[in-house]
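Taken in sequence, the protein lines are chains A and B. Take 1 as the starting number for the first sequence in this note's numbering and just add one per residue. Take 1 as the starting number for the second sequence in this note's numbering and just add one per residue.
Do not rely on the hints blindly, as some may be mistaken.
Computed list of lysine to any residue pairs in SDA-like fashion (alpha-carbon distance at most 20 angstroms, straight line) [unchecked claim]: (1) B:112 with A:185; (2) B:66 with B:83; (3) B:7 with B:214; (4) B:349 with B:214; (5) B:66 with A:48; (6) B:31 with B:301.
What the hints contain is simulated information worked out from the structure, not anything from laboratory work.
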Amino acid sequence: MNGHKPHRVRTLLVHLGLILAAAFMAMPLWFAFVASTYQGGDFISGHVGWLPGSNFWNTYVTTLNGTAAQALALPPMGSALLNSLIMAMLIACGKILISLPSAYAVTYFNFPFRSLCFWVIFITLMLPVEVRIVPTFQVAATLGLLNSYAGLTLPLIASATATFLFRQTFLTVPDELTEAARIDGASPLRFFIDVVIPLSRTNIAALFVILFIYGWNQYLWPLLVTTKASYSTIVMTVGRLSEASGEGDPVWNYTMATAILALLPPVFVVVAMQRLFVRGLVETEK
Amino acid sequence: MAAVSLKGIRKTYPNGLEVVKGIDLEIENGKLCVLVGPSGCGKSTLLRMIAGLESVTAGHIEIAGKDVAALEPAERDIAMVFQNYALYPHMSVFDNIAYGLRNRGTPRNEIKARVEEAEKLLALDGLLQRRPRELSGGQRQRVAMGRAIVRRPSAFLFDEPLSNLDAKLRTQMRVEIRTLQQRLGVTSVYVTHDQLEAMTMADQLVVMNAGQIEQVGTPAQVYDAPVSQFVAGFLGSPAMNFLPGTIQAAGDLVLDAGGHVTLTGTATQMQGQRVIAGVRPEAIGIAQGAPAFTARLELVEELGSARLLHLRLGQTTLVAVVGRETAFATGQDLPVSIPAASVHLFNEKTGRALV
């Protein structure tokens, strides 16, 4: 029995280390939550401690029913959440729908300038929206895309990450499957729908999670391309709340409450798709 | 009528490497033709050209009397069984077998009937709803067979279908495939590098080497009368013994390693010629009749049904198969006899059979 002891101590220490690390990572979230449960002014005056205050109910009700936003002349919470959801969904689905066929084309078909095509797609990885923001804004404005969902999402949909990832996935599908399908009389489109997409299921899920969060967290581009309050996203609202100051005091309690609420949908997506997500990242066998 | 007919087939890769160098072959209706040879001999490439998965550089391929040069694999009326089975991992066994029929627009009830027929034929009862990863190697192999037979094609193509199975299962599946092929009477082309598989399964045995056909015949013909040293050495296990020597007087072959072998027939007229004598391990006699030479016994391998004797004669070693009646001790000098009728003679330079 003695032999087990050092083992158990080690396990305990390892777990303690892991718990401390997790707590450390979670600390900012905890403070955001604690701040949201006090009066707006308490945060600045330094009265906020480790434990939640008594204002929880009041803050969240007024944040959710829109009275807080109304008082500050900001767009209502509900429409901002909806806008964020639409934007994140459009970006995630749009990217996946465009990347699947483009990756299929550059992986399975031999056409002139195929590798050139691939590298041109690949190079866009080095030009994210932030780098080309002025010309992209110019194009969006010329096309009349300001203050529209198309303007919010289209420039963010065009990118190489997903194409590149799907290409890597498709390369792991054994050649013999392609040959078996050819002998089975499957057209290229049938093979794509019946074999390639089902085999990429977990990768699609993993990518959806990543892209949803990417879309949800967009800040700079929505700020530029929308001026109407009806297109305001939740992340923009958090930004505006932190600047707004109602009757003098900064409204940190509402800012933090909105930030916490803005966090919930992405967390829900991750939790809901966690199993597929992890499998998509670690699975190699096809 | 030949079910599969190949004329002057060549394959050159864009980098200039020629892997198939002019193949002419006729496979009769309902026969199982085995293409056998070492890896890199072009047998798989040839099969893939018949399937339409690989382009043909030159030559004609006819399947069931139809020139298939311009046809897609799906239009060639063939079905193929792959080495790794190539089952669709996300589909049930039923869907795997039915996929080719669905793509051809076969009516639903017809598909169901054919898949159930295959299920009975291949003993896949109760497995139709499973995924391939839930099946054993032998069962996956049968599903791959099922996918081929429901199509009712003019020809089956097998690309080393048993090489992923363990030895025991391989023997069993070998018998299953052969029985099924005979029962269905479908012309088949079967590629393997395993000479035992080739010998046991073939109606027509095609031995290939370096992109060319070395010999075509029934397994017995090819085994008994190999046209070259390559064929002689490739077929049979343990492999044939090769002993270089010179024919001195009429019918007297003097081996380089020492000893005399008596020859008969036309070989007696080849005085002064350098030859390689090939002798199958089972033809060698130990302590029977007039000995050709004496050899030292270096190792005895027990097979259960017989014994393998590894003998040393000068610088060469040879293997003999003997029964288990007599016990031999290693280190012994044994009188070795070689019956004249069992000697195959090959040209020392070209490796071609002399006679």
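Evaluated hints:
Using a Cα cut-off of 20 angstroms, the hinted pair residue 112 (chain B) and residue 185 (chain A) holds, with the two alpha carbons roughly 18 angstroms apart. For a cut-off of 20 angstroms, the pair hint linking residue 66 (chain B) to residue 83 (chain B) is broken: about 27 angstroms separates their Cα positions. Proposed proximity of residue 7 (chain B) and residue 214 (chain B) is supported: the alpha carbons are some 16 angstroms apart, at most 20 angstroms. A C-alpha spacing of about 16 angstroms is found between residue 349 (chain B) and residue 214 (chain B), which places the hinted pair at or below 20 angstroms, so the restraint holds.
Between residue 66 (chain B) and residue 48 (chain A) the CA atoms are separated by roughly 87 angstroms; this puts the pair beyond 20 angstroms, and the hint is violated. Proximity of residue 31 (chain B) to residue 301 (chain B) is assessed by CA-CA distance (about 37 angstroms); at most 20 angstroms being required, the pair is judged violated.
When each numbered hint is compared with the structure, violations occur for hints 2, 5 and 6.
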